[in-house]
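Take the given structure of chain A and dock chains B and C to it, following the hints.
These are the residues of each chain, in order.
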Amino acid sequence: MWQWLYKLSSPKWFYTISGQLMPWLVALTTFLLGIGLIWGLAFTPPDYQMGENYRIAYIHVPAASIAMGCYYMMAIMAAAFLIWRIKMADMVAKACAPVGMTFTALALFTGSVWGIPTWGTWWIWDARLTSTLIMMFLFIGVMALRSAYDSETAGGKACAVLSLVGVVNVPIIKYSVEWWNTLHQGASSLSLSNTAANPPEIWVPAIFVGFGLFGFYLIAIILRTRNEILIRERKADWVGEVLGAALAINKGKA
Amino acid sequence: MAAPRKQRMAIVGFIVAGSAIAIGLVLFALNEGINFFYTPTEVAQGAVPDGQNFRIGGMVKTGSLRTGELEGTLVEFLATDCAQDIPVSFTGVLPDLFREGQGVVADGYIDSNGIFQASQILAKHDENYMSAESVAAMEASGASCDP
Amino acid sequence: MGSFDSFSDFLSMGGYAAYVWSAYAFFVLVLVFNILQPVLSRKKYLKQQLRREQVQQERVQAQQNRKEMTNGSAT
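Line order of the protein sequences matches chains A, B and C.
When the letters of the first sequence are read in order and numbered with my numbering, they come out as residues 1 to 254.
When the letters of the second sequence are read in order and numbered with my numbering, they come out as residues 1 to 147.
When the letters of the third sequence are read in order and numbered with my numbering, they come out as residues 1 to 75.
The shape of chain A in the complex, shown without the other chains (with noise of 0.2 Å):
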């Protein structure tokens, strides 16, 4: 395990490892995500208050759940690069914030969706909400802090610490629907049982799209790593003949 992570960290086997997985991870993903949309668009049975409007919860709560599971990657890719000076660390720390970014977007969006009919209104100033907005400046601000900085060591250490520093925001949306009074609802205990709430009927394509949308943001992350390895990395030898293949490729094309 350790050994695997140590070799990850160097940008040569990173690049040759995600470019031969990622043709499983991409075939994986579709099929996930196409089984778990299709199956919690159309055949799970309309929920008993809300109608069918409860199906956007399906790509709601993977895309919150992955955006505060990309914070928790950010902040310790974070701590890799400020302990260890581990270059790879950085470059996938730069990758997560986009990713992030637009997967907190998306909770957002489909949640402003969601509460025009349920609750009757788009945005309230609850603890769930404002803690998952601020998260989103939290991502906004390390992109812009990053290229605020001419140099990469120096952006890539103020990043650093911008992301440990809001890492504490993260909790504080898992657990602000339980510590305070909130619009928002909390967590679905899921049940196996059918005649119970949250049944399987329902649970179980959202398990699915949820694996999905993870499998997709690994995809997102590699394909951000593998174009910063390829700048970062442009004077080592193996990176030569990777560019010299990929240009050969275009020249045939143009």
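The set of hints was computed from the structure by calculation and includes no laboratory data.
Treat each hint with caution, since some may be false.
Stated by the list, open to error - Here are a few chain C residues that sit away from chain A, every Cβ distance over 12 Å (derived from the structure):
(1) Asp9
(2) Asn34
(3) Gln49
(4) Ala62
(5) Asn65
(6) Lys67
(7) Thr70
Stated by the list, open to error - Listed below are the simulated BS3-like cross-link pairs for lysine-lysine, each with C-alpha atoms no more than 30 Å apart in a straight line:
(8) A/Lys12 / C/Lys67
(9) A/Lys12 / B/Lys6
(10) A/Lys87 / A/Lys7
(11) A/Lys235 / A/Lys7
(12) A/Lys157 / C/Lys67
(13) C/Lys43 / A/Lys157
(14) A/Lys7 / C/Lys43
(15) C/Lys43 / A/Lys235
(16) A/Lys87 / C/Lys43
(17) A/Lys87 / C/Lys44
(18) A/Lys235 / C/Lys44
(19) B/Lys6 / A/Lys7
(20) A/Lys235 / A/Lys174
(21) A/Lys87 / C/Lys67
(22) C/Lys47 / A/Lys235
(23) A/Lys157 / B/Lys6
(24) C/Lys43 / A/Lys12
(25) A/Lys87 / B/Lys6
We put the CB at the ideal spot given by N, CA and C, even for glycine.
Relative to the frame of chain A, chains B and C by itself:
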């Protein structure tokens, strides 16, 4: 482990722990203010100063709802947390999920007659997703007052 | 089809079409953005590198030509 590495690890720990403590203290100080609404019990205990605008949250007491004929006319109901009831009066359009036995959050003030005059009504959804069949099965086993 | 009687029933989402479909449209937008943006920036970067390589080649070529010219005038 090398000494500078240990030092950097301590700095990272300090950043995370420091910001966690700082934000924890802020949240602790704001604790009441972060609550989105007061429960009827808190209102009965006098947690809210008179004449102030605030939100109450509870359940629409079953059997207490009286609505006008037309949509957008006067609505009256009791908001309850099973211990205390507060009469609420509202004129306007209600959200889809507003119904008896369901969670509700109302924004407004308590008038001189002790009636909560709401300017906005929001429905609070619970964390349960159910199909019509499972509801029938649940209802057969008996419902409870649990806001 | 599944829990709906017809395809138009499915599209109308029990009256919640505007909400459900706009949420799913934004979802698709996020998916497309997160794939397209890195793919396009990779292409842009490769094109940049290609141009850099060409400029370098032209410079080498020009230098060679100059050398040949001076050599030619010397003989």
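| Checked against the structure, which of the hints given earlier come out wrong? | Violated hints: 1, 2, 3, 8, 12, 20, 21; rest satisfied.
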